[in-house]
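Q: Respectively, the protein sequence lines represent chains R and S. According to our numbering, the first sequence is numbered sequentially starting from 124. According to our numbering, the second sequence is numbered sequentially starting from 2.
Calculated directly from the structure, the hints in this document are not laboratory data. Don't take each hint at face value.
As the list claims (entries may be wrong) - Result set (SDA-like, lysine to any residue): computed pairs, CA atoms no more than 20 Å apart in a straight line:
no. : chain 1 : residue 1 : chain 2 : residue 2
1   : S       : Lys191    : R       : Glu194
2   : R       : Lys302    : R       : Arg150
3   : S       : Lys191    : S       : Asn217
4   : S       : Lys120    : R       : Glu194
5   : R       : Lys139    : R       : Ala231
6   : R       : Lys139    : R       : Glu194
7   : R       : Lys218    : S       : Trp50
8   : R       : Lys252    : S       : Arg208
9   : S       : Lys120    : R       : Glu205
10  : S       : Lys191    : R       : Ala231
11  : S       : Lys120    : R       : His212
12  : R       : Lys218    : S       : Arg200
13  : S       : Lys120    : R       : Arg150
14  : S       : Lys120    : R       : Phe142
15  : R       : Lys252    : R       : Glu264
16  : R       : Lys218    : R       : Ala231
17  : S       : Lys120    : R       : Lys252
18  : S       : Lys191    : R       : Lys302
19  : R       : Lys139    : R       : Val315
20  : R       : Lys302    : S       : Arg200
As the list claims (entries may be wrong) - One-sided excerpt, in silico: chain S residues whose CB lies under 8 Å from chain R:
no. : residue
21  : Gly46
22  : Glu194
23  : Ala199
24  : Asn217
25  : Arg300
Unchecked claim - So the derived label-pair ranges between C-beta atoms look like this:
no. : chain 1 : residue 1 : chain 2 : residue 2 : range
26  : R       : Ile148    : S       : Val40     : 37 to 43 Å
27  : R       : His348    : S       : Gly185    : 29 to 35 Å
28  : S       : Ala189    : R       : His348    : 34 to 40 Å
29  : S       : Gly185    : R       : Tyr193    : 21 to 27 Å
Predicted model only: the values in this text are computed from it and were never measured. The C-beta atom is built at its ideal place from N, Cα and C for all residues, glycine as well.
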Amino acid sequence: MRDTQAAPLVQVEGLKMYFPVHTGILRRHTGNVKAVDDVSFAIHQGETLGLVGESGCGKSTVGRALLRLYEPTAGRVVIDGEDIATLSHEALRRKRPTMQMVFQDPQASLNPRMSLSAIIAEPLTEHTKLTAAQRQNRVYELMDQVGLNRRFANRFPHEFSGGQRQRIGIARALALNPKLIVCDEPIAALDVSIQAQVVNLLEDLQDTLGLTYLFISHDLSMVRHIADRVAVMYLGRIVELSPRDDLYARPLHPYAEALLSAVNEPDPDRAKTRKRILLKGDLPSPANPPVGCNFCTRCPKVFARCLTEKPALVQVEPGRQVACHLFETIHPATGSTGGSEAKEHLQHGVTQ
Amino acid sequence: MTDNSIAIPPAQSQLGAVWNQFRVHRGAVFGLIVLGILVTFVVFGPFLWPEEKLKVSEAMKVKNQGPSLMFPLGTDQLGRDMLTRMMAAGKVSLAVGFVAMIIAIFVGTTVGVMAGYFKRLDGPLMRLTDLFLSLPLIPLLLVMVMLFRDKIASIMGPELGAFTLIVFAIGITSWMQAARIVRGEVLALKEREYVLAARSIGAPSRRIILRHILPNVVSPVMVAATLGVAEAIITESVLSFLGLGFPPDFPTWGRLLFDGLQYMQLYPERVIWPGLAISLTVLSVNYIGDGLRDALDPRIRGR
Chain R
124 MRDTQAAPLV
134 QVEGLKMYFP
144 VHTGILRRHT
154 GNVKAVDDVS
164 FAIHQGETLG
174 LVGESGCGKS
184 TVGRALLRLY
194 EPTAGRVVID
204 GEDIATLSHE
214 ALRRKRPTMQ
224 MVFQDPQASL
234 NPRMSLSAII
244 AEPLTEHTKL
254 TAAQRQNRVY
264 ELMDQVGLNR
274 RFANRFPHEF
284 SGGQRQRIGI
294 ARALALNPKL
304 IVCDEPIAAL
314 DVSIQAQVVN
324 LLEDLQDTLG
334 LTYLFISHDL
344 SMVRHIADRV
354 AVMYLGRIVE
364 LSPRDDLYAR
374 PLHPYAEALL
384 SAVNEPDPDR
394 AKTRKRILLK
404 GDLPSPANPP
414 VGCNFCTRCP
424 KVFARCLTEK
434 PALVQVEPGR
444 QVACHLFETI
454 HPATGSTGGS
464 EAKEHLQHGV
474 TQ
Chain S
2 MTDNSIAIPP
12 AQSQLGAVWN
22 QFRVHRGAVF
32 GLIVLGILVT
42 FVVFGPFLWP
52 EEKLKVSEAM
62 KVKNQGPSLM
72 FPLGTDQLGR
82 DMLTRMMAAG
92 KVSLAVGFVA
102 MIIAIFVGTT
112 VGVMAGYFKR
122 LDGPLMRLTD
132 LFLSLPLIPL
142 LLVMVMLFRD
152 KIASIMGPEL
162 GAFTLIVFAI
172 GITSWMQAAR
182 IVRGEVLALK
192 EREYVLAARS
202 IGAPSRRIIL
212 RHILPNVVSP
222 VMVAATLGVA
232 EAIITESVLS
242 FLGLGFPPDF
252 PTWGRLLFDG
262 LQYMQLYPER
272 VIWPGLAISL
282 TVLSVNYIGD
292 GLRDALDPRI
302 RGR
């Protein structure tokens with residue numbers, strides 16, 4: 124959060140990503156799966172924005188739409204001054220080097236028939252006019268950067284462990300000196316011991332190269348470790364967007380509260396007093412979300428207004444945005460009362 | 002630390018690695034040797050065993066002979082040397098088999114990749130495939146040969162014309178299986194994350210297809226191709242049998258097989274030799290395909 128005055132590197136406004144549903148014998152368009160429904164956020168240069176939420180809430184779709192791997196249904200995605208969502212094919216191709224992606228499954232994201240140096244060199248052959256020798260040198264540089272032995276250059280992906288494969292994926296993403304890297308659950312498929320290595324590598328690279336991350340994950344403790352700000356998603360919408368420390372100390376939105384109460388507490392004494400908020404019911408279908416607040420079917424603090432009206436994401440405290448009617452009513456009162464209010468509701472919800 | 006820069010083994014050439022793995026596959030090497038012998042037999046055999054020009058009256062005296070020094074494989078019902086005919090027939094059969102297979106695989110792979118990769122083309126191309134699959138093969142071939150034989154023969158001469166027409170006809174009527182297999186594979190492959198990664202890099206479709214999709218559909222294509230060779234040789238013999246392939250005096254393995262069929266009980270060797278040649282070709286091509294498929298896969302290579 125250096126100079127918030129400067130324009131953010133990434134500015135997403137009203138991003139919608141609907142997948143059409145075709146049914147019947149004529150495959151008529153009968154509805155939409157609203158994977159991402161009106162999402163707005165900004166990421167500043169050098170910052171890490173964590174994006175958390177349960178499976179199927181649209182985290183990965185946001186990441187992919189951000190790089191226009193999907194064609195967004197609506198909205199603007201301004202990256203480094205250009206609206207990605209409306210760029211022409213060729214302009215988008217030239218824009219690709221500034222934004223890269225690290226994928227979830229390091230096994231599936233590497234072509235099994237290409238050698239390591241061919242994989243890392245692919246972006247270079249695509250976007251630069253380096254000679255073969257220069258390209259090979261750059262590949263060696265990148266391998267050094269991510270901690271891969273240069274002797275592995277001619278091996279194939281199946282000969283590596285999961286952590287090493289993820290390093291290959293990171294090296295490939297770094298090849299073109301991007302400004303933004305979307306990390307789509309980069310550690311989900313790795314062992315816990317390797318997760319820390321990869322996350323530390325990502326942090327080191329951020330320090331040395333000044334990278335900006337969108338870090339998508341469902342691992343809340345890992346997000347706490349790496350992110351500066353965290354956005355919590357539920358059913359295609361951001362429910363809370365807060366600085367990391369504030370969110371983990373005192374989540375505002377009932378869903379964020381429930382989600383964070385699921386994080387394991389390493390201290391056994393404190394773990395005894397920890398209150399788990401168990402949500403009832405299942406995630407509603409994104410093809411048919413509730414009329415009101417998306418969370419109203421499971422919210423422990425639901426009241427009449429929630430069933431009829433979708434709350435907007437509004438700033439309730441400096442730097443904290445929440446989409447919940449509970450906070451709209453007390454806004455613009457001070458944040459602390461909002462917090463105690465929330466606690467009361469929490470007690471209420473648990474005893475119910 | 003610094004040993005990084007010292008010992009980087011030079012990249013082994015792709016071709017070298019493939020050959021090294023291929024050599025390990027015993028069946029493939031066996032197949033390559035057998036196919037090599039067959040090709041040598043049909044290509045260089047005629048130079049070593051020149052055809053004897055017998056008059057019709059002389060030929061009639063030596064008809065239906067068993068193996069002898071003069072006729073190692075015997076003679077047929079018209080007194081023609083079977084060895085000479087086997088060599089001449091093999092040249093045509095092998096050429097038809099391989100060229101028709103190449104056409105079928107090329108068309109099939111192209112259609113399959115296009116249908117699988119480009120969603121818009123999927124419907125039309127697969128319906129076209131269904132259309133070809135539902136056509137009765139033999140009548141279609143009959144019509145094609147009927148319509149085009151004379152025209153092509155007048156341009157390219159009767160033998161080359163017949164060859165072109167048959168190869169084209171067989172190729173154009175046997176690509177559908179390959180297309181379906183390839184389409185299925187491509188549909189699965191294009192959702193893989195490495196294809197997504199290539200797109201996020203900004204690689205254009207054609208390069209994604211060439212670099213990421215095609216190398217990964219090699220295995221099923223290889224299987225379809227090896228089976229295709231056998232099928233093409235058999236289909237050619239069926240056509241010749243129906244009098245629509247090559248002219249009657251023009252030997253192919255399939256034709257020899259059908260000619261020998263009438264005399265099978267008296268002279269079984271006349272069926273055995275062409276049958277053996279066809280089987281050996283098919284078998285060796287199958288093993289070579291098997292070995293190639295393994296050798297092209299880096300996951301199996303180096304085990």
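Q: Decide, hint by hint, whether the structure agrees.
A: Status of each hint after checking the structure:
1. Taking the CA atoms of Lys191 (chain S) and Glu194 (chain R), the gap is near 17 Å; set against the 20 Å cutoff, the hint holds.
2. Note on Lys302 (chain R) and Arg150 (chain R): the hinted pairing is violated, with a Cα-Cα distance of about 42 Å set against a maximum of 20 Å.
3. Between Lys191 (chain S) and Asn217 (chain S) the alpha-carbon distance is near 11 Å, which keeps this suggested pair within the 20 Å criterion.
4. A C-alpha spacing of about 15 Å is found between Lys120 (chain S) and Glu194 (chain R), which places the hinted pair at or below 20 Å, so the restraint holds.
5. The straight-line distance between the Cα atoms of Lys139 (chain R) and Ala231 (chain R) is roughly 27 Å, outside the 20 Å bound, and the hint therefore fails.
6. For the suggested pair Lys139 (chain R) and Glu194 (chain R), the alpha carbons sit about 10 Å apart, so the restraint of at most 20 Å is met.
7. The suggested pairing of Lys218 (chain R) with Trp50 (chain S) is violated, with an alpha-carbon distance near 68 Å, which exceeds 20 Å.
8. Proposed proximity of Lys252 (chain R) and Arg208 (chain S) is supported: the alpha carbons are some 16 Å apart, at most 20 Å.
9. Taken as a hint, the Lys120 (chain S) and Glu205 (chain R) pair is broken in the structure, with Cα atoms around 29 Å apart against an allowance of 20 Å.
10. The straight-line distance between the Cα atoms of Lys191 (chain S) and Ala231 (chain R) is roughly 11 Å, inside the 20 Å bound, and the hint therefore holds.
11. The suggested pairing of Lys120 (chain S) with His212 (chain R) holds, with an alpha-carbon distance near 18 Å, which does not exceed 20 Å.
12. A hinted pair counts as satisfied when its Cα atoms are at most 20 Å apart, and Lys218 (chain R) with Arg200 (chain S) qualifies at roughly 12 Å.
13. Only pairs whose Cα atoms come within 20 Å are accepted, and Lys120 (chain S) paired with Arg150 (chain R) is accepted, the gap being roughly 15 Å.
14. Annotation: proposed proximity of Lys120 (chain S) to Phe142 (chain R) holds, straight-line Cα distance about 15 Å (limit 20 Å).
15. Annotation: proposed proximity of Lys252 (chain R) to Glu264 (chain R) holds, straight-line Cα distance about 17 Å (limit 20 Å).
16. A C-alpha spacing of about 25 Å is found between Lys218 (chain R) and Ala231 (chain R), which places the hinted pair above 20 Å, so the restraint is violated.
17. Distance check on the hinted pair: Lys120 (chain S) and Lys252 (chain R) sit about 32 Å apart at the alpha-carbon level, beyond 20 Å; violated.
18. Restraint check for Lys191 (chain S) and Lys302 (chain R): the C-alpha separation of about 27 Å exceeds 20 Å, so the hint is violated.
19. Among the hinted pairs, Lys139 (chain R) with Val315 (chain R) is inconsistent with the structure: their alpha-carbon atoms are about 34 Å apart, more than 20 Å.
20. Note on Lys302 (chain R) and Arg200 (chain S): the hinted pairing holds, with a Cα-Cα distance of about 18 Å set against a maximum of 20 Å.
21. The closest approach between the C-beta of Gly46 (chain S) and any C-beta of chain R is roughly 40 Å, which is over the 8 Å cut-off, so the hint fails.
22. Taking 8 Å as the C-beta contact cut-off toward chain R, the hint placing Glu194 (chain S) at the interface holds, the least distance being around 4 Å.
23. The beta carbon of Ala199 (chain S) is positioned within 8 Å of a beta carbon in chain R (closest approach about 7 Å), and the interface hint is therefore held.
24. Contact between Asn217 (chain S) and chain R, as hinted, is supported at the beta carbon level, the nearest pair being about 6 Å apart and thus within 8 Å.
25. The beta carbon of Arg300 (chain S) is positioned within 8 Å of a beta carbon in chain R (closest approach about 5 Å), and the interface hint is therefore held.
26. At roughly 54 Å, the beta-carbon separation of Ile148 (chain R) and Val40 (chain S) lies outside the given 37 to 43 Å, and the hint is violated.
27. Under the hint 29 to 35 Å, the C-beta atoms of His348 (chain R) and Gly185 (chain S), about 43 Å apart, miss the expected range.
28. Between Ala189 (chain S) and His348 (chain R) the beta carbon distance is about 36 Å. The supplied range of 34 to 40 Å therefore holds.
29. The supplied range of 21 to 27 Å is met by Gly185 (chain S) and Tyr193 (chain R), whose beta-carbon atoms lie about 24 Å from each other.
Checked against the numbered hints listed earlier, the structure breaks hints 2, 5, 7, 9, 16, 17, 18, 19, 21, 26 and 27; every other hint is satisfied.
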